[in-house]
Amino acid sequence: MTGYRYSAALALLALAAPYAAADNGALLASQCYQCHGPNGRSKGEIDTIAGKSASDIYGDMREMQQKPDVDIMHAQARIYTDAELRAIANYLATLR
Amino acid sequence: MDIKRRNLLRFAGLGAAATAAGIAPTLTRVGAVEAAPVVRKVVVIGGGFGGSTVAKYLKLWGQAQVEVTHVSLASTYVSPILSNLVLNGQKSLASLTFNLQTAATKLGIRFVAGSAAIDRGARLVRVTHDNGTETLLDYDKVVLSPGIAFNTLPSMLAANRGIAGGKLPIPHAWQAGPQVGNLKAQIDRMPSSSGVFVLCIPKAPYRCPPGPYERACVVADILKRVKRGGRVVIFDANAPTNPADKYTAIQAEQHTFSTAFTGAYGSIVEYVPNATLLEVGTTGGQFGTKTARVRLGDGSVRTQTCNVLNVLPEHKAGAIAFAADLIPVGQRFVPVDQQSYASLADPDIHVIGDAHDSKQPKAGHVANSEAKVCADAIVREFGILPPRTAEEVPVTNSACYSPISSTTASWLTVGFRYDPVSRQMVRIDASLAEAEQPSGDNYKMMLAWANNLFADTFSV
Chain A
84 MTGYRYSAAL ALLALAAPYA AADNGALLAS QCYQCHGPNG RSKGEIDTIA GKSASDIYGD
144 MREMQQKPDV DIMHAQARIY TDAELRAIAN YLATLR
Chain B
22 MDIKRRNLLR FAGLGAAATA AGIAPTLTRV GAVEAAPVVR KVVVIGGGFG GSTVAKYLKL
82 WGQAQVEVTH VSLASTYVSP ILSNLVLNGQ KSLASLTFNL QTAATKLGIR FVAGSAAIDR
142 GARLVRVTHD NGTETLLDYD KVVLSPGIAF NTLPSMLAAN RGIAGGKLPI PHAWQAGPQV
202 GNLKAQIDRM PSSSGVFVLC IPKAPYRCPP GPYERACVVA DILKRVKRGG RVVIFDANAP
262 TNPADKYTAI QAEQHTFSTA FTGAYGSIVE YVPNATLLEV GTTGGQFGTK TARVRLGDGS
322 VRTQTCNVLN VLPEHKAGAI AFAADLIPVG QRFVPVDQQS YASLADPDIH VIGDAHDSKQ
382 PKAGHVANSE AKVCADAIVR EFGILPPRTA EEVPVTNSAC YSPISSTTAS WLTVGFRYDP
442 VSRQMVRIDA SLAEAEQPSG DNYKMMLAWA NNLFADTFSV
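In order, the protein sequences belong to chains A and B. Counting from 84, one number per residue, gives the positions in the first sequence under the working numbering. Counting from 22, one number per residue, gives the positions in the second sequence under the working numbering.
Don't take every hint at face value.
[As the list claims (entries may be wrong)] Now the stretches of chain B that chain A is said to cover, found in silico as 3 or more residues with beta-carbon under 8 Å:
id, stretch
1, 222-231
2, 382-390
3, 428-437
4, 447-453
5, 465-474
[What the hints assert, rightly or not] Cut-off 27 Å, straight-line C-alpha distance, at most; resulting in silico cross-link-like pairs (BS3-like, lysine-lysine):
id, chain 1, residue 1, chain 2, residue 2
6, B, K465, A, K150
7, B, K465, B, K112
8, A, K126, B, K127
9, B, K380, B, K205
10, B, K337, B, K224
11, B, K127, B, K112
12, B, K112, B, K245
13, B, K205, B, K188
14, B, K112, B, K62
15, B, K188, B, K337
16, B, K112, B, K188
17, A, K126, B, K465
18, A, K126, B, K112
19, A, K135, B, K188
Hints were generated in silico from the structure; no laboratory data involved. Where is the CB? At the ideal position from N, CA and C, for every residue including glycine.
Chain B on its own, in the form it takes in the complex (with noise of 0.2 Å):
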């Protein structure tokens, strides 16, 4: 049977199962028979990858039937993803830096800048803007991709507290913004050849399970070329799953990262696994002395004093999903049904990419790609299309370059599908697979890589 021919009669199926239903058939909503065709409201929070992602495909697949709103805190997005690339100046944040209401405009969507609040009783997602007047939005649909926040030890907000993100003592910089340029201009002080970058690792999940080695590696490649020496120390709260080889703790690119740690940057990296961060101090600001106290896995304390200390806390799903109930108690991130992302407590509330709870990483790539199934998902509730039949089951991809060094890049890759049984997105892998080694054409991948992901995210 040919494929329009298959369609024909899954339109046909469609037609009497929402008549025998008692509603009206969804196909004379697109006008083809009768006129006033429903239009949904579908508002979208957040404005990285995947809330960009959503808000364009939902409109893509929706046309005039969906009607999107677009939330985001600000009317610009900074994005992560090469931002490890700012560190040594081989591109500016303004690179980095894409307009969420240029792209709404182009895709005939409707922009809003402010911080979100959902009133699910009342349907209505309440804005509020930096001058404090407020844009009630009522709802058929919400699509939540807010990103992560972060439980931070409290000796961290001590030492940061009431200070601007670009001077922080202690940056994170794990949201592309002020903290990234902070820490180039941190890195940019460190003395010649003796001085010591610490990077505290979380416990995964975590965003971006390369990322940190990433950043290592380009802070390493730094150190190495232009300050002619220093050290870069890993603490790293993740335990090896082999005891015997600590590098077995590394989240991602195991192969890449423990040749880059033992190799090219064997006189500058020190790799500490199982080492839970206990206390941060600082003394002199910004540029000051900064130290770290870690228990190590034989339950031994080291305090390790350095120039520059990244800590990237424990992370958690951004505040909003929290505040609007859906999390249960003793969990970080949003309970979904994986076919659509709906969330468990509210089916229709949608939560896509690092604040929902799956096996598929938190990275940009991957909750783009989660996005789609979301919007896709959401068009067939709406009945806008046909629902999946058994065997269309939700497939998503996760994809990365890594830069090892200015010139040299790494890659990762991995696939997941849904699994009616377990009902989780599982991972295929057939499909898992990572750079043999460090490349030059890998380099200039990432960037094309990277083009066609914000191109296809931002509408740039």
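Bound-form chain A, shown alone (with noise of 0.2 Å):
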């Protein structure tokens, strides 16, 4: 029984990617998408976010979260929990 759950669940995650990663980083990434385009990818000046290091994006977004400059980004970044940052760094990371 566990290796049939442990199967299926395999076959689910494989199924469900880009869609939906199992945590909340589809949902939470998704959020970004008012401003940046769908998927990450913008139309027009703003930055694509899709595709980039998730490194780079955690770091950039914890960096506007320290900084007191008055920016629509950096009372973005303050809406999130550390652990947010890196499930949408993590999930934007994987779009291509």
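Build the complex from these two chains, which are given one at a time in their own frames, with help from the hints.
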């Protein structure tokens, strides 16, 4: 029974990617798309964030979170917990 | 523990829980082990930012296991976002019009145009088409995003009765479409240097907190640049939070708008808080003379004559939410479980966007944000994804840019997080910020923001 569930879980993970990681990453990252474009691919002057390295995205967000700048992205960064920033960065890094 | 390992454990845990509960493990539904996956039916009602986004993400995250039908009054939707730029000629209504049928085809969902009614007992959505025929849709879930309706003064109803939106003497122009074109035509016909534009703002909550003040700035800019003078009188029903400073009645971006009203537009804008609209009047039709009678904070009554009278009436949820009996007597918006947007009156009807009741603002960007939380909650409730953990609480964001003139804009942003104790989406104060000053860079970013928001929402 355990083996059955385990293999089914593996199959589901394979099928589910890239639509939804099993953690909260897909939902959290989707909250970036209003400004950064669907799947993190921007149509204009705002940065594309899809496919950047997880460490770059996480590092940028952490830096903005900690600086007092009056800036729309600095304010947005302050919305998230550290775990949420990691989930967002990990998910966006998987997008191509 | 790495993420993959954690996920596997959680999936295994879900399978065990599902088996223990006596229901088929979700995992079989994807066809990995057994065929014949269960397909859940969701009917999304509403073609705006909330409805269009939730339809898209339900399909994206539910894939073949969710059959999405998107219902809207018309096959196109006109965005209120950026529609104040129709007034100064920088945008056309056509450029803000999105085709819902085209989006549905791209996404692999069904689109049905018509007027919807929900029969909760029979679990059916009845759609009446323009030609009188009906389509019946059965559902596992309904997501309702009907936007706003108005409690309009009897005198305003009387002045506008029987007249099409494009010709109304007293437009609200707070839902984009013909009324916005009408308002532009009325502004265009204002006389040089001596015209008066009156804007009446209702008590909060209303759609787009900075929107009325943004509109006042865009009109003041037109009067200043094009008409070489004139006045914008703002009657705001809201009261100052600090009685010594009337500008503390402004509902969003107080710094930006009070600076504009006293600085760049100081000779044009008169801002009057605590002003309750009592009655309107009109002579001469669309381009005639109008009057607004308001009761002021000191109890006195003021009558203002003007060329253009733009009244935003008190807001309430779209009519279908009342017809479906989702709103308690005496309330105007739908109470929901703020983790999933399930109505407190019916857990299989979720209500997002301007029609639901929470502390989140009523606006298109945050409706898109709520729609994703709602789609995620439904997909998880269907068992397509595992339940959220205790740490995975809903987080949403609101962000917008407002034109302040034909070349500058400001911005505003704030985030919300679900608080399990109060069971509400609560504002994250550290994330609340507004632009230090309007700028040309912000104006460019406004257009870039809107293009990405439109792309994410309407699949353009």
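How the hints compare with the structure:
no.: 1; hint: 222-231; verdict: violated (count 0)
no.: 2; hint: 382-390; verdict: holds (count 3)
no.: 3; hint: 428-437; verdict: holds (count 4)
no.: 4; hint: 447-453; verdict: holds (count 4)
no.: 5; hint: 465-474; verdict: holds (count 8)
no.: 6; hint: B/K465 - A/K150; verdict: 24 Å, holds
no.: 7; hint: B/K465 - B/K112; verdict: 14 Å, holds
no.: 8; hint: A/K126 - B/K127; verdict: 18 Å, holds
no.: 9; hint: B/K380 - B/K205; verdict: 32 Å, violated
no.: 10; hint: B/K337 - B/K224; verdict: 11 Å, holds
no.: 11; hint: B/K127 - B/K112; verdict: 26 Å, holds
no.: 12; hint: B/K112 - B/K245; verdict: 19 Å, holds
no.: 13; hint: B/K205 - B/K188; verdict: 11 Å, holds
no.: 14; hint: B/K112 - B/K62; verdict: 38 Å, violated
no.: 15; hint: B/K188 - B/K337; verdict: 24 Å, holds
no.: 16; hint: B/K112 - B/K188; verdict: 20 Å, holds
no.: 17; hint: A/K126 - B/K465; verdict: 13 Å, holds
no.: 18; hint: A/K126 - B/K112; verdict: 18 Å, holds
no.: 19; hint: A/K135 - B/K188; verdict: 51 Å, violated
Figure legend: structure checked against the earlier numbered hints; hints not met, in rising order: 1, 9, 14 and 19.
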